[in-house]
Amino acid sequence: MSSRVCRTCGGSDIDVDQARGSAVCTGCGSVLEDNIIVSEVQFVEGSGGVSSAVGQFVSADGPVKAPLLGSGFHTGVGKESRAQTLQNGKRQIQQLGSQLQLNQHCLDTAFNFFKLVVSKHLTRGRRTEHVIAACLYLVCRTEGTPHMLLDLSDLLQVNVYILGKTFLLLARELCINAPAIDPCLYIPRFAHMLEFGDKNHEVSMTALRLVQRMKRDWMHTGRRPSGLCGAALLVAARMHKFRRSVKDVIGVVKVCQTTLRKRLTEFEDTPTSQLTIDEFMRVDLEQECDPPSFTAGQHKVKMQQLEQELARKLDEVEGEISCYKEEIETELEKSRPKLRGIYAAYAKEMDPEDEDVLSSPADPEDKEGDDAALQAAAQRLTQDFLRQVIQEEEGGGAPQEAETEGAGRPTQGAPLASILGNASLGLQESFHTFDPPEPDQNPEGDPSPSGELDLEGIDDQEIDKYILNEKEVEVKTELWTKQNADYLKEQKEKEERITKEKEQGTYKEKKKKYKKREQIEAATAGEAIEKMLERKKISSKINYDVLRDLNQPAGSPASEPPGGAAVVPRKRLSRRRRKAGNANAELSASATMMTKRFRRLISSTPRKKKAAPQVETAVAMETASEAVPEAPPAAVPDAGPGPVEAPTPLETEEEEEEEAEEDCVSALQLVGDYGCEEEEVF
Amino acid sequence: MDSNNDEALDIIVTNVVATFRTRCHLNLRKIALEGTNVIYKPEVGKVLMKLRKPKITASIWSSGKIICTGATSEEEAKLGARRLARCLQKLGFKVRFSAFRVVNVLAVCSMPFAVHLVDFTKNNRPIASYEPELHPAATYRIKNLKATVQVFSTGSLTVTGPNVQSVASAVEYIYPLLYECQKPRCK
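In the order they appear, the protein sequences are chains A and B. Residue 682 is where the first sequence ends in UniProt numbering, and the numbering goes up by one at each step. Residue 187 is where the second sequence ends in UniProt numbering, and the numbering goes up by one at each step.
Be aware that a few hints might be false.
What the hints assert, rightly or not - Label-pair restraints from in silico Cβ distances:
| no. | chain 1 | residue 1 | chain 2 | residue 2 | range |
| --- | --- | --- | --- | --- | --- |
| 1 | A | Ser52 | B | Lys143 | 55 to 65 Å |
| 2 | B | Asn123 | A | Asp269 | 26 to 36 Å |
| 3 | A | Gly144 | B | Asn15 | 31 to 41 Å |
| 4 | B | Asn15 | A | Leu533 | 53 to 63 Å |
| 5 | B | Thr14 | A | His201 | 42 to 52 Å |
| 6 | A | Gly125 | B | Asn15 | 40 to 50 Å |
No wet-lab data here; the hints were simulated from the structure. Glycine included, C-beta positions come from ideal geometry on N, C-alpha and C.
Just chain B, same shape as in the assembly:
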């Protein structure tokens, strides 16, 4: 949704995972008993909390570390995290909002052409791997961006990376490689 290539590829961010710290210990049982939209898992030692707006799911640990998943942009993740912190604040914890960090971003993107996976793997040998027995997509890992791209034969890509920017540059990086092994669609 954010970054467009020259060919106007739409990169749709589907999930943003972020973490932050409250810098205080949280009584999970209190959260579990006084909040709605919570699931308490004492055996794992965490509380799952869901917010409606933005739609995020957070796992809250008693150490005060919180992982938010499900946002569709970095801003949304931050807003959701702040809302969550506010919610905890209202529950009576001395919550601070620190060390917010986007950890992982998942995005999908679709090429205007189909991809010859076998050729693609052959051309980019050690980095790309395609094992139909294990996974239908070819995996391509871009080390300096810390991004992993899964290429499907239909031309769909799934990109995971540490932030939206790196995901976008990963798509830009891989586009010419895919372009080489494209297979035009028959109409």
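Okay, chain A solo, but in the shape it has when bound:
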């Protein structure tokens, strides 16, 4: 206290009052400090004799709460919600982290990542769970803990790829360069899970060595680390005489059996696998291998080349064989002149002239003796026909040829079918495609609606083939309707329901959630307001037609302020006026109506006014009687409705009384006007 000196008098005797929080110089009396913030801890004794510290706990990373400024003073509305988000995030990180057995340092880092993510608004559109998992995985990667994304997805029951997507996004946005995964990281973890007991360390060391070797042989790039670890561990376990089946390993590393097998076979292909165990432990081969998939690809190319070569050779040989075949055939023909015609016909690719011979009852199946020759012939024919069919299909542009052929063939169809078996099927199909006459839906003269579709290079004939003819359409329609009967029925029911609802007027069209508002175009501000009012009625109690008239220079002396109180009686007025307009026509009808309504009114009024004090009822009656004599001057012959209706829509009778006289005046002035508040009549 005495360490300070007064600024005004230089005295050092300064009195600091902790309770009031002020510092006063006792010499001159000037207040040196006000509202001092004390840094003392005070304790209060509670009712049970328990003492507690005064104040509030403010956490280091939490937001600064503002109780001093009063709860009404919202300084950090946004901050509150963010604080909640962070708190939730922290809780979830703790939960998930403890399941993964991460240490506190990792959890803190994860939370920091999460804070970054929140501040960058990257949480939007993503589930918090995913973001948190991604944060944790980021930590795992940067810290090099043996956790896989798969573990997280396992815990959360979320697809790995969704998590992966989130993780990649976060890593990119936060500019965190996670080091590439090293499969060696996972070895100790998996080894532990496989329970090698005392030899755990040795086995994992061997596995590590194996993994290193695999890396050198390019097995790890583009592969899941877990698969590689699995393969290495399996081999290592076997090397140390543990019995671990593929299944055991799969259960731990969570890859498919095939994947593991593939890794093993890939390893088998490397030169390292040829070493004995001792050699492997001692020797490091200098050689490196190509990536297995690359070798496989090369293998494939080689195989293809070989196949091509083989096919070429085969062709050559086949040519020779066919030469021999023909020779044999001619020999056969010579030796058996009786059957000559048939074989000749087969050999010559079926000339149409030979039809008579073909249709002759020569049954080739009977001749068991020359089965071989026959088969050879049939084979050749099959090939020829197939080739022809393919050519036709490919050519497409030669329908005439096909048609002439088609004309000749159907008669041959039956005997051919018996010989050629499946080939005939193809033939028939080809007939089928060529048979339909070209549909003349679109003749050349048809003006294609815009010249925009350039027909150059478009083969109409082929396109025609994509379109079914009438008969086929019928068949397909029938088939389709049968197949989709349920769907059609459903649709029909739906339609019926909609039409029914439309009739009843209850149908609601599905409206789009967001409807773009049209821009109001107006020359003046007044017009704009008017238009806006037109679109959006502020109150249903205001008669906008009358309101509009107010702006017009009607020269009405009794123009009232457009307040709510004034508007209410006006509404009634306009109604009355309308009644006056078409009074004569409706006179008789309304007269009867009025009587009815009057009766109803009488019955309803007491019910309505039960709550209201008795006095008011009397007032209402009064106004009603007042209106009766006043209405006739407004050229209303059936003044009845006015007073009769008067009390119905009104809630406040007093108002009515006040305005009753004014009503008449304005009614006179605004005779020309019309109001259309039909709903409000009732």
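Starting from the structure of chain A, add chain B where the hints point.
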């Protein structure tokens, strides 16, 4: 097949996706019932139609928008789209052919060397990402070309881009980057 680098890299375009509009509503049921090579999916509201020459598959929507996939060049895509439009025209729709646009091109290419994926990702940090747990290839996205390149360890590339030109330039762009992290093949 089109653009060759100085090292004579073959870029093989495997898929071209294109869209166009017919500017008229299409009765999908009519197409489904009168055309061959069609699959009607009323629950999705589209018809799949396949052409043989060129080999394309098109999804036809009732709004008249059509997506053609499966072509192997931009010209082929256009020819296929026009054929399809003609086919629809023959079915009796007042088809016009407008707003044809190649949307996506997929191409493959193979480098004459293997690539060190880890090094590659390290060198091109924020843009390239390599997650063996998720995908065997490293992904490299070229923003100004709107092209994405997947680099496999064998040196094979898969490039996707908005058109053939950008795909070709993407390969040209990435070649020097890959060249840095190459690993010579042992013979």
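Going through the hints against the structure:
{"no.": "1", "hint": "Ser52(A) with Lys143(B): 55 to 65 Å", "verdict": "holds, 59 Å"}
{"no.": "2", "hint": "Asn123(B) with Asp269(A): 26 to 36 Å", "verdict": "holds, 30 Å"}
{"no.": "3", "hint": "Gly144(A) with Asn15(B): 31 to 41 Å", "verdict": "holds, 40 Å"}
{"no.": "4", "hint": "Asn15(B) with Leu533(A): 53 to 63 Å", "verdict": "holds, 57 Å"}
{"no.": "5", "hint": "Thr14(B) with His201(A): 42 to 52 Å", "verdict": "holds, 50 Å"}
{"no.": "6", "hint": "Gly125(A) with Asn15(B): 40 to 50 Å", "verdict": "violated, 30 Å"}
In summary, the structure is inconsistent with hint 6 from the numbered list given earlier, while agreeing with all the others.
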